[in-house]
Amino acid sequence: MPNQLVADLADQLWEAGRARAPIEPLTDRHPELEVDDGYAIQTRNIERRVAAGAHIRGRKIGLTSRAMQELLGVTEPDYGVLLDDMFVEDGDEIPLETMVQPRVEAEMAFILDQDLTGPGVTTANALAAIAGVLPAIEIVDSRVAGWRIKLADTVADNASSGKVVVGGMYRQGEMLGSVYTGHWHEAIAIGTVAALRPSDFLAPLHRDLGAHLWRGTEPRQVIASFLGKATGPTGGRDGTLHYGRLDLNIYNPPSHIPDNYPVATGAAFAFRYRGQDGVALAYCGDGSTSRGDFHEALNNAAVMQLPCIFVVENNQYSYSTPLKLTTASADLASKAAAYGMPGERVDGIDVLAVHHATMRAVTRARAGDGPSLIEAVTMRMHGHAEHDPADYVPRDMLAEWAKRDPVEKFAATLAGLGVLGEEGAKTIKEEVHQVALNAREQALADPLPDPSIVEEGVYAD
Amino acid sequence: MQTKDGQVTYLDAVTQALRAEMTADPDVFLLGEDVGQFGGAFKVTKGFLDEFGPMRVVDTPIAESGFTGLAAGAALMGLRPVVEFQFADFISCAFDQIINVVARHHYRTGNAMPIVFRCPFGARLRAGPTHSQSIESYFAHVPGLKLVAPATPQDAAGLLAGSIRDNNPVLYLESKYLYRRVKAPGPLSMDPMPLGVAKVVRPGTRVSLITYSAGVHQGLEAAAELDNEGISVEVVDVRTLVPLDLETIVSSVRKTSRAVVLHEDTRRLGYGAEIAAEIQEECFWSLDHPVVRVAAKDTPIPTSPPLEDAVLPQTADVIQALRKVAMT
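If you read the protein sequences in the order shown, they are chains A and B. The first sequence begins at 1 in the numbering used here and counts up one residue at a time. The second sequence begins at 1 in the numbering used here and counts up one residue at a time.
Since the hints were derived computationally from the structure, they do not count as laboratory data. Just so it is clear, the structure is predicted and the values come from calculations on it, not from any experiment. Do not rely on the hints blindly, as some may be mistaken.
[Said to hold, decoys possible] Label pairs and their calculated CB-CB ranges:
no., chain 1, residue 1, chain 2, residue 2, range
1, B, ASP309, A, ALA337, 48 to 56 Å
2, A, GLY368, B, SER304, 47 to 55 Å
3, A, ASP277, B, PRO203, 56 to 64 Å
4, A, GLY167, B, LYS297, 56 to 64 Å
5, A, LYS429, B, PRO143, 52 to 60 Å
6, A, ASP277, B, GLN280, 54 to 62 Å
7, B, ASP5, A, PRO451, 54 to 62 Å
8, A, ARG18, B, PRO143, 52 to 60 Å
9, B, GLN280, A, ASP391, 23 to 31 Å
10, B, PRO143, A, THR64, 35 to 43 Å
11, A, PRO451, B, SER304, 51 to 59 Å
12, B, GLN37, A, GLY177, 45 to 53 Å
13, B, PRO243, A, LEU116, 43 to 51 Å
14, B, MET55, A, PRO451, 40 to 48 Å
Using N, Cα and C, we set each Cβ at its ideal position, and we do this for glycine too.
Construct all of the structure, not just a fragment, from the sequences and the given hints.
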């Protein structure tokens, strides 16, 4: 086929996609169109998108099954190119007006941790390059009217590619370690931290992203921490949600929660030592209440009457262990009585209830009346981390808790007060989403740490 | 605090340095079990509660992990806690806080965590398996911690002051066997001494004995004995296990070509193994004999005198090892 015709047909497909106006099959008008011509047209349009700033992220192979090949009367698969702008995050909305005539297909995605460059790629090479396999959803699309495609048409149209969902950054293997989410912990993190002064000491755990952000940790740093980038709060020396910024009076806890509880008593001790009325607030989970450091911190704080607020985020599960295998106590707040301090149980879904309980505890602590324990009851809506499908959690339990979204609850409260309408809530949500996307983009572009200084900083000067 | 003859004990040296540092820096405070109203199990802090008040001399519940974490939080806020473990043996209760909270905090964050952990350690007091332990090897392995083990009253004072002024967590290993057995003419200097500087405490030519804490006195005794046989022993007191002053050790061994390493801790993976390995790497071509370790047997420390004596290195064992290495 002449180069000029390849260029013309490529332009027609390009324009069809841009205008969302599908065209008649190329093979209707040019019966002589071969599959190789189709790849020449595909390559021309891919090069155009790459020149405009898109990056090649992967390849797709279609028509791999005998049944599908027979359906189209062909004997070979078809190949297409996956560009970065085709990838959609799990949970994202795809506006219909960005597609021509979309269809959804279930796919398998092979995550490669090295490039496969031919010729001469063997099955063994391919197997060695595969880091993992994921279920994926492909939103195929065709710039050919009515999907009336022959093999050469779909090849020319980049194998009828549209969008693809491979399950977010974690599923795609971009994050180091595991990803811990704080769904249904949002009201606890914010309700508590909002009751503090910026100068008060905060000792978080891995469900308290909101508290970090409230204090001023930049979203980009959060993502950078998960990516092991130099711009993370620890410069890649620690990862996931193990970060803290002492300049924001946030402690960086180790994995051994509630190790942060005794540390918080020390910060509270220092406030009193200096005659300041600062307070220290530490979080742990229901599982942590079994550890000795929980007991020792509460006992020490009570004996010394330290200005501490101990928050237990009771989300019903410590990894796979349900609450009834963690404690025989009727609730966790009543443990406070054993130490001689007030204990209060609040609805962890209700940000205002959490806030008011924290305010009461902070007031007591600032006045020199010692520590308090707050049990905020919620549910862990995901696995312990994203690798954990949490199939040990009864589905009806999750379904019940799913009705109680703390963010929606607060939005409804604000709507009831006439403070924030539906439009306003939607705008905030969109802004936050954009902040997260920007943070991801920045963090992905950020540099990795310099290994030549890996031995520095073990000791302070 | 001097005896009638103007002598200062090792224990008094610790007390004097603590007092001097607390007087010099209002951010320095003490905490631990029975340190206040009782003055400490060994009376190191006797009178401190009256002198400095309950805010700076803090009696804690029996909660080693809890008060270690408290010290960590206070240190992050700019205070300089001095934690007393009543016996070094009890530091195992605080292992997690020391390893995971304290030791690696600076590496993870760049924030300093200046804490001194006073650890009365060691055997020979018939105190049995859980009151006689040497703990240095557990912690010398952990990046981020410093370890100090003075042998003399002057070093006890100077290195305690140096440890308190250091911006890192320091395990200060004080020999409870030496507390009242070792004396030095007073008054002692209260100037802080730098960490990481070993000292040749007896020059010699034929064989080097590398040791620390109570081992230094045993080594000097053995060296005096061997002097009568015409064997000249150089005794090196490493004083600081981390950071280790390898230069002083290496220059001694290159001179004598022979080395014996002595400590009271058990032999297998004791700190002597590290010293011996370093000597082997640095001095191989100077050595006329393999490096020999003299250490406790690989058992817990028993209580009854004949049993404890059988487990711990005795001066006769040190003499025998030195003689063999010197004469072979």
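Do the hints match the structure? See the list:
no.: 1; hint: B:ASP309 - A:ALA337: 48 to 56 Å; result: holds, 52 Å
no.: 2; hint: A:GLY368 - B:SER304: 47 to 55 Å; result: holds, 52 Å
no.: 3; hint: A:ASP277 - B:PRO203: 56 to 64 Å; result: holds, 59 Å
no.: 4; hint: A:GLY167 - B:LYS297: 56 to 64 Å; result: holds, 58 Å
no.: 5; hint: A:LYS429 - B:PRO143: 52 to 60 Å; result: violated, 45 Å
no.: 6; hint: A:ASP277 - B:GLN280: 54 to 62 Å; result: holds, 58 Å
no.: 7; hint: B:ASP5 - A:PRO451: 54 to 62 Å; result: holds, 59 Å
no.: 8; hint: A:ARG18 - B:PRO143: 52 to 60 Å; result: holds, 58 Å
no.: 9; hint: B:GLN280 - A:ASP391: 23 to 31 Å; result: violated, 55 Å
no.: 10; hint: B:PRO143 - A:THR64: 35 to 43 Å; result: violated, 51 Å
no.: 11; hint: A:PRO451 - B:SER304: 51 to 59 Å; result: holds, 54 Å
no.: 12; hint: B:GLN37 - A:GLY177: 45 to 53 Å; result: holds, 47 Å
no.: 13; hint: B:PRO243 - A:LEU116: 43 to 51 Å; result: holds, 49 Å
no.: 14; hint: B:MET55 - A:PRO451: 40 to 48 Å; result: holds, 45 Å
Consistency note: the structure conflicts with the earlier hints numbered 5, 9, 10.
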